[in-house]
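K.L.:
Mind docking chains B, C, D and E on chain A? Use the hints.
Chains as they are written, first to last, in my numbering: chain A, 736 to 1097; chain B, 736 to 1097; chain C, 736 to 1097; chain D, 736 to 1097; chain E, 736 to 1097.
The hints are simulated quantities; they were obtained by calculation from the structure and are not laboratory data. It should be emphasised that the depicted structure is a prediction, and the values quoted were computed from it without experimental measurement. A hint or two may mislead.
Copies of the same chain look alike in the list, so a pair counts if it works inside one copy or between any two.
Unchecked claim - Within a straight-line C-alpha distance of at most 20 Å, the following computed DMTMM-like cross-link-like pairs (lysine to aspartate or glutamate) qualify:
{"no.": "1", "residue 1": "1033", "residue 2": "848"}
{"no.": "2", "residue 1": "787", "residue 2": "770"}
{"no.": "3", "residue 1": "1026", "residue 2": "893"}
{"no.": "4", "residue 1": "772", "residue 2": "844"}
{"no.": "5", "residue 1": "799", "residue 2": "1007"}
{"no.": "6", "residue 1": "799", "residue 2": "785"}
{"no.": "7", "residue 1": "842", "residue 2": "971"}
{"no.": "8", "residue 1": "772", "residue 2": "886"}
{"no.": "9", "residue 1": "1033", "residue 2": "844"}
{"no.": "10", "residue 1": "787", "residue 2": "893"}
{"no.": "11", "residue 1": "787", "residue 2": "942"}
{"no.": "12", "residue 1": "799", "residue 2": "844"}
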Amino acid sequence: MTHYAKRNGRRQKPRRSAKVGLPPGTIQTDPNAEETKIRAICYGPDALEEVKISRPSQIAPLLKRWPKVWIDIAGLGSAQTISELGQSLNLHPLAVEDSVHVHQRAKVDDFGDHLFIVARMCNPGEKHVTEQCTMFLRTGMLVTFQERMGDSWGSIRERLRLGRGPLRTQGVDYLAYLLLDAMVDSYFPTLEAIGDQLDEYDERLADDDLTPNFQQLHQTRHQLLSLRRAIRPHRDMVNELVRDDCQFISSETRVFLRDCYDHVIQLLDMVESYRELTADLREFQMSLVGKRMNEIMKVLTVISTLFMPLSFIVGLYGMNFNTASPWNMPELNWRLGYPFSLGLMLASIVGMLYFFRRRGWF
Amino acid sequence: MTHYAKRNGRRQKPRRSAKVGLPPGTIQTDPNAEETKIRAICYGPDALEEVKISRPSQIAPLLKRWPKVWIDIAGLGSAQTISELGQSLNLHPLAVEDSVHVHQRAKVDDFGDHLFIVARMCNPGEKHVTEQCTMFLRTGMLVTFQERMGDSWGSIRERLRLGRGPLRTQGVDYLAYLLLDAMVDSYFPTLEAIGDQLDEYDERLADDDLTPNFQQLHQTRHQLLSLRRAIRPHRDMVNELVRDDCQFISSETRVFLRDCYDHVIQLLDMVESYRELTADLREFQMSLVGKRMNEIMKVLTVISTLFMPLSFIVGLYGMNFNTASPWNMPELNWRLGYPFSLGLMLASIVGMLYFFRRRGWF
Amino acid sequence: MTHYAKRNGRRQKPRRSAKVGLPPGTIQTDPNAEETKIRAICYGPDALEEVKISRPSQIAPLLKRWPKVWIDIAGLGSAQTISELGQSLNLHPLAVEDSVHVHQRAKVDDFGDHLFIVARMCNPGEKHVTEQCTMFLRTGMLVTFQERMGDSWGSIRERLRLGRGPLRTQGVDYLAYLLLDAMVDSYFPTLEAIGDQLDEYDERLADDDLTPNFQQLHQTRHQLLSLRRAIRPHRDMVNELVRDDCQFISSETRVFLRDCYDHVIQLLDMVESYRELTADLREFQMSLVGKRMNEIMKVLTVISTLFMPLSFIVGLYGMNFNTASPWNMPELNWRLGYPFSLGLMLASIVGMLYFFRRRGWF
Amino acid sequence: MTHYAKRNGRRQKPRRSAKVGLPPGTIQTDPNAEETKIRAICYGPDALEEVKISRPSQIAPLLKRWPKVWIDIAGLGSAQTISELGQSLNLHPLAVEDSVHVHQRAKVDDFGDHLFIVARMCNPGEKHVTEQCTMFLRTGMLVTFQERMGDSWGSIRERLRLGRGPLRTQGVDYLAYLLLDAMVDSYFPTLEAIGDQLDEYDERLADDDLTPNFQQLHQTRHQLLSLRRAIRPHRDMVNELVRDDCQFISSETRVFLRDCYDHVIQLLDMVESYRELTADLREFQMSLVGKRMNEIMKVLTVISTLFMPLSFIVGLYGMNFNTASPWNMPELNWRLGYPFSLGLMLASIVGMLYFFRRRGWF
Amino acid sequence: MTHYAKRNGRRQKPRRSAKVGLPPGTIQTDPNAEETKIRAICYGPDALEEVKISRPSQIAPLLKRWPKVWIDIAGLGSAQTISELGQSLNLHPLAVEDSVHVHQRAKVDDFGDHLFIVARMCNPGEKHVTEQCTMFLRTGMLVTFQERMGDSWGSIRERLRLGRGPLRTQGVDYLAYLLLDAMVDSYFPTLEAIGDQLDEYDERLADDDLTPNFQQLHQTRHQLLSLRRAIRPHRDMVNELVRDDCQFISSETRVFLRDCYDHVIQLLDMVESYRELTADLREFQMSLVGKRMNEIMKVLTVISTLFMPLSFIVGLYGMNFNTASPWNMPELNWRLGYPFSLGLMLASIVGMLYFFRRRGWF
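Just chain A, same shape as in the assembly (with noise of 0.2 Å):
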């Protein structure tokens, strides 16, 4: 779907047409997804446990026994598990289906007794730029869908079994806040990237060197088109969770969800302030080359004229006109004929560099 996506590996693009013809609700999975892989971990104020989940009827004993329980899938790979794993826990077909298809883009559904949100993170230096992560909020259970296991998530599991801040002690809402709010933080290094990239390329081109071409340029901007599509949707997303008197999130966790809204406006704020500059870098640049290619075609000019009347002079006095006749070039006998010619050559030069002083050519 993105565009380092196709560099590496074309056919690991998903292809949203593959499910065409299919009726809703069908989980089909991509060849080529990783082994899915189920971790429960469930938390109490004072207590954490965390479970392999192998199959999903082990989950609801844990469900009863923990006041929060948060199922943490990574790997798409197994249509048969995952399945099962959505009609243990009652949660909509649609949207089993859209966590498994790696397409979708960010939303939120409120399926009356389950939220379900979509979001995409960022993952610079991987195959996938951006890679959709999926939740199923429920009072009590969390439930997410990665198509890898990342580290992005890595320090939140850390806090949870450590048990620092107010993490164990708030509703699973806040972890879910925690969880969306480092999703749309990892956009940050890769537009800083971005931005630091821009910025020498700017310099460059202020110190007139016109080596950086117009390959990075576009290639900039076509990154920053993918992200943008990538982002923007978690806006309205994020927006949604915000305004909507939902109950699965509690009014302390929205004020939180503000924070994170006012991110992925950042975020958005940088995307299209670093379009505008890629095209202003790009229109600057084409005017340098245009300017530089008026000079040389400036000098060209100047040095082709100032030699045509020249090569005129001297082809004209070798002419082999037959000398007897007084009419036939008297000049070729003139005492001081050559210093004459070398004289109006001068003088033509001359001339002509007056004419091009005037006119303001150099």
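P.N.:
Relative to chain A, chains B, C, D and E alone:
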């Protein structure tokens, strides 16, 4: 109406102006339209019957006998039949007229006792890029009009016959959703093909291969323009179906329509991204072409300017001044006149090259 | 006001500024306007009478005697008559003023006891591209003002006379709808002609035929700009008629106006698409022209550069150095001097061609 | 603030930054401003009195004696007088401050006991293109501030004196509408002049006359930018007056303001159309210039390339090879050597022309 | 974050990504930040006391003793102090965190028991173009955070000390307004300087002086981009303060904030106009450069083409054909051969000039 249509047969293009001056509700069929074929698919949870309809009066008994009836009409050539059918089913004349004039934008109209939906599907590789389909939705009855018997609804008909999924037990609104979803999804393969073309184009430019011509890019832009014009009205149409409290659509189907709405948004997203990408690619290619031309100009400048003084010098010593006078070209009589002139030429070349190098021209 | 108007007779252009400084409600007729002709078409379900009106006082008895009266005014030259007519029918002075000053944008104004509608129709092939028509709508009475007696309403008058369709039984609001619809539909032929021109232009460019000149494209853009300016206000106008709970328009007519609204949207869609298409075509043509020029430049470069060393060599052996000295051009005395020089030239050509080929210049 | 202002006297430009750091409500007059002249026009249905005001305290008795008073202030040079006047009439200090600092955007502010309106009028041919006017509207009292005593309100003053029209019987809100309308209408002559210029420009380009220079087009764009910046805020301002249920504006006047709103929309429409038209014209002219240059290049190519082989051939037979050897230029000794060389030249010209013609270069 | 910042010291740029992975509410100070200095300005209608605060615990008694307290904090280097101060005053941790991370967009957040405002001021001529300031507003208490002790608030502190104006009697919300207004007004001098630069640029181009280089224009565009990004969020922020029924802002202050809102709109207006103007100027300059180049090309064409036939003729009569044969260049033996060749040249020049003139090339 579309780019491809024009190419293959200009006369096929439905012209909106042909209707100017006629009273509203007049059904005027296109002389090139296919003959009308009507098929009724009557079904309940446990049974299904397919009936070929030759006279509209055959339909009323079916509607009484079966809980759900899909009247599937393909071909818009028989004005008489269509007009009678509309009257016998009490469909609004303006809507029936719109079903026959295949240049409508996607829309939904609530005529009180039935819902009228216009949508356009994408037929890649066929003569008309987009094809109009209209639906009349009433409790227990769905009437659909198609320009031609296509195969994009084939899998839905098959599923209906096999009785798989919730299709038989749900109302006709669910069937209408499935048909609509199939139409919306029909754009994905075409758009993905465009995306692949653009990626390939991009890669070739990145490899400094300027052979892909502007013609291809222009055609893609043109196609995207047509697609956007076809897709965009679907956004408002599906959104209206999702939002409005219309009696003909159940709340369960509404959840599925929300998914359909997401697909439309995703399509528009793709079209817009590709439009921007084509603009970027065009700019990129033009800057590459400009740079290339600049380079050629530079080489011309350098070679021309190097030879100009050489030509002057050889012309100079080709003059026929009377060498009897000591002032007239004494060099010709020097013992080393020729090597001197060659040295002069060499010096001019070296001087020029130094000048160009200092200016950073090569 | 429009492009074509300007071309044919600059003095004809209605100038908004002519009114500056006059009190509101002043009726100032254009000296070039046609003489005012008033015709009353009085009708009921079963009867119809057409009366030529010479004095506004003739109208009041007609309004009493007939259930529906259409007062059809063509020509805006007689200030006195129009002013009297406005007063006798109690029309708002600002609205009557707007009817005479033919530079209004389409709009609808509700003056409490009557509705005032301004619309513009398209007159292809005539002097003014768009012509203003205004309507005053009150229960049982419709007053229309036209610049000239046109024939676009001819078929409606004919249908009214023949009593076909629901025209006679419906209220005057249905008549107003029909007139409005005819005006909106009058843009389709012009826009379709533009579409055909652009398609032809596109095909010629695709065949690398650069003869269609920028002038034609620019004129089309200009015309589209004028058309958009004329059409766009109709969207809000018709929408207001559809939405508002105005007493003068029945709910049945409102359904028909929704169809009229769809047509306006479709017109704007076409205009916008064609605007974008002209921009694309311009860019495309400019890139083709640039590419063509590039090619010519390349051939020039190659030919020039091939001949430069040849000219130098022939010039070299045309020098008149005293061949008495052994250092002065010994080649001239070689037995094979001439073939040697020809070989030198051939070698320089081959070397150059190899250099160009390696650079990928041809 | 505007383009023209800058040209004629840079020091005249009101600078917003001069106020930075002062407490709000401070009245700081521009040293170049005209001296303040105050005139009260007191009127009722049957009578009118004009009083020259030298001290603000003169106003209170007039307000008591007359039902409607228009206090007409021209010139903003006397800080003391204006400040006193504001206090004596109980006008909001921020509004009085805005009246003196003539760089405000059009707006309306409701200060509870009076309405404050800022508008800008167009003074074609004068130093400042747009001039700020402010109004304070209260039942029975209208206070207006102008930079200079202009003549665009002259006809309204005259009508007031003559007692024509409903002016004397209506409230001061109707007077305010008339003044506002005059200000809005003041833009029409300037915009129509621009339209005429652009039409003329267009015609000259259409006639392939490239003499109109880019400078003129650029200035027009600049002027349109200034005009748009001045006009645009009027839209919201007048709209607010039309919509809001403000006590100081009667519903009859509101109908007239709707007309004024239409004019503002029309102005913006014209500005936007002309902006687009200038962009189109610029593109058109650049494409014409490019085409012209292309043509010149083509002729150069053809002529250069035709002469190149000729020059080579004449140079060839100008070489001085020792003709004693049979291998050294035997052509020179041929009986028909000269005609042979001429034939060679002719053949090269014909060959070249055939090559160019086949490439479609001329 | 801004253009200028980058130039002077890349390491100074606050990086948003530095915070990625930390729990929300963590205060992480920039190592380059200034040391934190806290000053409390306590005042009532009749008295004022300034206290230097070294420990946050000093503040509570002041808040009890004085009706209004402004806690003025400059320098964000001391994480410990700021964190304690936030806790002792019960400020929301997210807001305190935002105060320290100086890359926020302008916004307002209502935390129930206090209002949190972020704004950015413009520091022309300093290292960072825009500087973040945050305010916490509660009845009787205003806390402000600044990056550095600037002097843009100096005049307000002075007025507070002198007790001039309504500053002492109004609540702290009026003080907050004044500070906000000073921050908004701080952009005017920078924007006016840009406006002057652009006017000068424009005038120089109008005088056909192409020396101002694209670099300057590009930098101005870049600066405007940064300014727009900084200013735009203020619009929503101030608008929210004006509209919302927030308990901490009195209705009198709201009137003043409306004025502040007008200024923000005016700033955005200026930025947008200048952005468009720079684009226009760039286009204008490029068209001038293109025209200039065109002119040079034309002169080159003419001169080259004039000399080409001359060079050919002189080359022709420089050929060494054996003049013994009567067919070999008989002209060389003519009595008037030389004048004949000169006449031939003159004729070719005249012919060429006539050809060029007819084509309108000069």
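K.L.:
Next, verify each hint and record whether it holds.
P.N.:
Here is how each hint holds up against the structure:
no., hint, result
1, 1033 to 848, "neither (75 Å within a copy, 70 Å between copies)"
2, 787 to 770, "within (14 Å within a copy, 49 Å between copies)"
3, 1026 to 893, "neither (57 Å within a copy, 53 Å between copies)"
4, 772 to 844, "neither (25 Å within a copy, 41 Å between copies)"
5, 799 to 1007, "neither (47 Å within a copy, 48 Å between copies)"
6, 799 to 785, "within (15 Å within a copy, 51 Å between copies)"
7, 842 to 971, "both (7 Å within a copy, 18 Å between copies)"
8, 772 to 886, "within (15 Å within a copy, 40 Å between copies)"
9, 1033 to 844, "neither (64 Å within a copy, 60 Å between copies)"
10, 787 to 893, "within (17 Å within a copy, 42 Å between copies)"
11, 787 to 942, "neither (58 Å within a copy, 48 Å between copies)"
12, 799 to 844, "neither (26 Å within a copy, 39 Å between copies)"
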